[in-house]
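Note that the protein sequences, when read in sequence, are chains A and B.
Following the working numbering, the numbering of the first sequence begins with 11 at its first residue and continues without gaps.
Following the working numbering, the numbering of the second sequence begins with 109 at its first residue and continues without gaps.
The reader is advised that the hints may include incorrect statements.
Said to hold, decoys possible - Pair by pair, the computed Cβ-Cβ distance ranges are:
id	chain 1	residue 1	chain 2	residue 2	range
1	B	Y142	A	M42	52 to 60 Å
2	A	L50	B	L140	44 to 52 Å
3	B	R339	A	I26	27 to 35 Å
What the hints assert, rightly or not - Subject to a maximum C-alpha distance of 27 Å in a straight line, what follows is the list of computed DSSO-like cross-link-like pairs (lysine-lysine):
id	chain 1	residue 1	chain 2	residue 2
4	B	K442	A	K249
5	B	K265	A	K29
6	B	K172	B	K508
7	B	K453	B	K442
8	B	K193	B	K442
9	A	K190	B	K125
10	B	K265	B	K283
11	B	K442	B	K265
12	B	K453	B	K283
13	A	K190	A	K80
14	B	K193	A	K29
15	B	K172	B	K193
Bear in mind the hints are in silico, worked out from the structure with no lab data behind them.
The beta-carbon is built from N, C-alpha and C at its ideal position, and this holds for glycine as well.
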Amino acid sequence: MSDISNNGHDSYMAMIQRKRLYGGIMLAIFAMLLISGFMLADDRNAGGFWAGLPNVFDFPADVLADTAPKLDQLPGHLVTYFSALIETINIAAVSTLIGAGLAIFLSLLSTRGLARWPRLIPVFRRAMDIMRAMPEIVIALVLIFILGGGPVPAMIAIAFHTAGALGKLFSEVNENADLKPVEGLSSVGAGWFQRMWLGVVPQVAPNYFSYALLRFEINIRASAILGFVGAGGIGYELKNAMSWGLGKYDEAAAIFILLFVTIVIFDQLSGHVRNGLIHKGGH
Amino acid sequence: MASVDLYVSADRLFLRKRLFALALPLLILAYLIYVFVAFDVSGLVERARWENAQVLTRDAWSHKIHITRDNRSGEVVAAIEGERKGRYPAGAAPDWVTLAGTTTSIDLGDGHVVTFLPDNSLRYAIPDYGTIEAAIEGRHVVTNFGADVPDWVSLSKSRLAITTDEGRVSLTRNKTEVFKYFPGWELFFFTLDSPYHGHGLWGILFGDQIDPTRSNIAGAWQDFWYNDMWRHLDVAWAMFETILMAFLGTFGAAIIALPLGFLAARNFSPVWIARFGIRRVFDFLRGVDGLIWTIVLSRAFGPGPMTGALAILLTDTGSFGKMFSEALENVDEKQTEGVSSTGAKPLQRYRFGVIPQVTPVLLSQVLYYLESNTRSATIIGAITGGGIGLLLTQAMITQKDWEEVTYYIVLIILMVMLMDSLSGWLRRRLIKGE
Numbered sequence: 011m012s013d014i015s016n017n018g019h020d021s022y023m024a025m026i027q028r029k030r031l032y033g034g035i036m037l038a039i040f041a042m043l044l045i046s047g048f049m050l051a052d053d054r055n056a057g058g059f060w061a062g063l064p065n066v067f068d069f070p071a072d073v074l075a076d077t078a079p080k081l082d083q084l085p086g087h088l089v090t091y092f093s094a095l096i097e098t099i100n101i102a103a104v105s106t107l108i109g110a111g112l113a114i115f116l117s118l119l120s121t122r123g124l125a126r127w128p129r130l131i132p133v134f135r136r137a138m139d140i141m142r143a144m145p146e147i148v149i150a151l152v153l154i155f156i157l158g159g160g161p162v163p164a165m166i167a168i169a170f171h172t173a174g175a176l177g178k179l180f181s182e183v184n185e186n187a188d189l190k191p192v193e194g195l196s197s198v199g200a201g202w203f204q205r206m207w208l209g210v211v212p213q214v215a216p217n218y219f220s221y222a223l224l225r226f227e228i229n230i231r232a233s234a235i236l237g238f239v240g241a242g243g244i245g246y247e248l249k250n251a252m253s254w255g256l257g258k259y260d261e262a263a264a265i266f267i268l269l270f271v272t273i274v275i276f277d278q279l280s281g282h283v284r285n286g287l288i289h290k291g292g293h
Numbered sequence: 109m110a111s112v113d114l115y116v117s118a119d120r121l122f123l124r125k126r127l128f129a130l131a132l133p134l135l136i137l138a139y140l141i142y143v144f145v146a147f148d149v150s151g152l153v154e155r156a157r158w159e160n161a162q163v164l165t166r167d168a169w170s171h172k173i174h175i176t177r178d179n180r181s182g183e184v185v186a187a188i189e190g191e192r193k194g195r196y197p198a199g200a201a202p203d204w205v206t207l208a209g210t211t212t213s214i215d216l217g218d219g220h221v222v223t224f225l226p227d228n229s230l231r232y233a234i235p236d237y238g239t240i241e242a243a244i245e246g247r248h249v250v251t252n253f254g255a256d257v258p259d260w261v262s263l264s265k266s267r268l269a270i271t272t273d274e275g276r277v278s279l280t281r282n283k284t285e286v287f288k289y290f291p292g293w294e295l296f297f298f299t300l301d302s303p304y305h306g307h308g309l310w311g312i313l314f315g316d317q318i319d320p321t322r323s324n325i326a327g328a329w330q331d332f333w334y335n336d337m338w339r340h341l342d343v344a345w346a347m348f349e350t351i352l353m354a355f356l357g358t359f360g361a362a363i364i365a366l367p368l369g370f371l372a373a374r375n376f377s378p379v380w381i382a383r384f385g386i387r388r389v390f391d392f393l394r395g396v397d398g399l400i401w402t403i404v405l406s407r408a409f410g411p412g413p414m415t416g417a418l419a420i421l422l423t424d425t426g427s428f429g430k431m432f433s434e435a436l437e438n439v440d441e442k443q444t445e446g447v448s449s450t451g452a453k454p455l456q457r458y459r460f461g462v463i464p465q466v467t468p469v470l471l472s473q474v475l476y477y478l479e480s481n482t483r484s485a486t487i488i489g490a491i492t493g494g495g496i497g498l499l500l501t502q503a504m505i506t507q508k509d510w511e512e513v514t515y516y517i518v519l520i521i522l523m524v525m526l527m528d529s530l531s532g533w534l535r536r537r538l539i540k541g542e
């Protein structure tokens with residue numbers, strides 16, 4: 011009896027030790043990868059990390075130094091760039107709306123049990139994968155070449171990516187939807203569109219909304235950054251303000267403030283609303 | 109009586125619901141109309157350069173060979189995409205071009221023949237249309253068009269451009285140029301100066317030795333890898349840099365955010381002010397956003413992958429910190445209690461009571477971000493100057509190498525999909541499996 015338990019104990023300890031060893035090796039490899047990666051990245055960088063570290067605050071200091079004597083002009087700049095900010099928010103909002111609309115269809119078409127054409131589910135899934143993989147900048151740059159600079163290329167680019175990203179999340183939500191209402195509707199002769207609109211969407215709408223809100227927040231950042239490569243909005247103004255160089259960073263400071271405040275507001279707002287939704291939904 | 113009341117209230121409820129169901133789409137529609145006007149979409153459609161789209165779609169899957177005559181020296185050169193690296197040796201040309209002294213005959217196919225004649229003149233025979241003759245006299249272009257110039261010809265005093273399905277011809281005082289289009293990306297594997305150009309895969313692998321100084325496979329690999337036009341080595345490096353940025357940024361942020369997440373979680377950090385302070389730090393890091401971090405950091409560190417990695421790291425420290433602290437606040441106390449009932453010290457309580465609970469949650473969030481950061485690294489690279497994003501923007505700005513742009517786009521999409529499936533695989537393996 012004691013022999014067996016001893017054996018069991020020994021083999022358990024051996025297993026634990028092996029597991030620890032494997033875990034330790036994995037951690038060591040990971041740490042080595044990370045460290046060598048940082049060294050490599052440092053090597054490939056134009057300026058080194060340690061050489062640049064003392065200069066991190068140079069640029070913020072320049073901006074502050076340029077802004078401080080012209081503090082009285084700051085409210086004026088804020089007003090000037092407010093319209094560009096609205097454009098950025100509009101880009102994000104429209105692309106979220108359009109992308110979410112597309113995503114609803116794509117996700118319904120690629121969910122087992124709900125799909126209109128069950129055989130085409132893999133096709134729609136692949137399509138969403140590709141849409142999701144497409145970085146916004148790729149589409150934005152191509153469209154800027156064709157349509158010229160402005161908000162529309164950014165809007166289309168973000169909407170395209172959003173449709174893929176939200177489509178995947180939505181189809182996960184759809185999979186948990188209760189099929190009974192759908193069956194009930196089909197028993198009274200409802201078409202596919204009616205079944206989806208009346209049977210599925212009301213169930214999943216809060217989750218859709220929560221994901222779309224999170225996406226909206228992400229899209230504000232994306233539309234700001236796309237502006238920097240020429241697609242309109244506050245990012246574009248920031249690029250211009252930056253190019254005026256030292257001594258004129260006060261306008262850039264105004265844009266920084268606008269961008270920061272906007273992102274923080276929407277970040278907090280969406281977190282708040284989503285928390286409310288989750289608690290109300292009881293998930 | 110009561111049933112009537114019920115009916116009335118039900119009707120009212122229905123009415124309200126119906127109004128709401130109608131109002132929401134209307135509201136969205138109104139907003140979209142406002143944006144349509146604000147973005148000036150109708151003006152945009154007018155300003156759009158559709159010919160750019162045409163050039164782009166054609167160049168994406170095809171390449172062109174330029175036959176160029178320098179109208180001052182009379183020298184005729186054939187070059188793929190008009191690039192120096194794709195130039196045919198002097199006196200040589202593709203077989204559809206006949207070089208005969210001062211006259212060059214170019215067969216564009218389908219009966220279209222362009223002939224470069226002496227004295228800077230040219231003749232273009234088009235079936236079902238006739239023959240176009242044009243020459244440079246003094247400073248001006250002289251043609252036989254007369255009054256009616258077809259719409260596929262653009263003619264000004266100093267320049268003639270003819271576009272047909274078979275190719276493009278242009279004539280100016282400086283040069284006469286003919287483009288002929290071919291499907292495929294020419295010289296993708298080997299440039300013209302490589303001995304392996306024109307050999308198939310089979311011939312290289314199993315055929316006779318082509319270059320006497322090198323073995324076939326090694327030589328072919330070398331010539332492919334150091335291909336001057338497509339620069340496969342540089343592209344591979346750029347992709348690696350982009351992935352490196354995402355990897356370093358994501359995992360660096362996770363490592364920094366983990367201890368901070370503990371300090372910001374209500375059930376682990378007793379000091380209210382520390383919690384509040386760290387949370388505001390998280391909000392700040394997230395709020396400043398990758399764009400501003402990228403700008404600030406590239407001033408200090410210069411362009412390169414380190415700058416991009418740090419920009420991702422800073423933003424994501426904020427995101428991870430917030431998510432980690434929320435996950436830590438949701439841990440089940442029972443496990444910790446169980447561990448502490450065996451006399452475990454605080455550190456052991458965390459190690460055996462908390463870490464096993466939160467690891468799957470945290471790891472799946474981190475891996476999810478790894479994929480999304482690969483996309484961010486592409487765009488950050490375009491701004492700071494590093495990785496595949498930089499190559500893409502550079503190729504876009506020159507506005508001529510659209511096949512390279514297509515190549516980069518395909519690579520980027522493949523890269524992101526690869527990272528997506530890698531992160532999915534890791535998530536399944538580390539969290540569900542084992």
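Structure-based check of each hint:
no., hint, verdict
1, Y142/B with M42/A: 52 to 60 Å, "holds (55 Å)"
2, L50/A with L140/B: 44 to 52 Å, "holds (47 Å)"
3, R339/B with I26/A: 27 to 35 Å, "violated (51 Å)"
4, K442/B with K249/A, "violated (53 Å)"
5, K265/B with K29/A, "violated (82 Å)"
6, K172/B with K508/B, "holds (11 Å)"
7, K453/B with K442/B, "holds (16 Å)"
8, K193/B with K442/B, "violated (70 Å)"
9, K190/A with K125/B, "holds (22 Å)"
10, K265/B with K283/B, "holds (15 Å)"
11, K442/B with K265/B, "violated (88 Å)"
12, K453/B with K283/B, "violated (84 Å)"
13, K190/A with K80/A, "violated (65 Å)"
14, K193/B with K29/A, "violated (56 Å)"
15, K172/B with K193/B, "holds (14 Å)"
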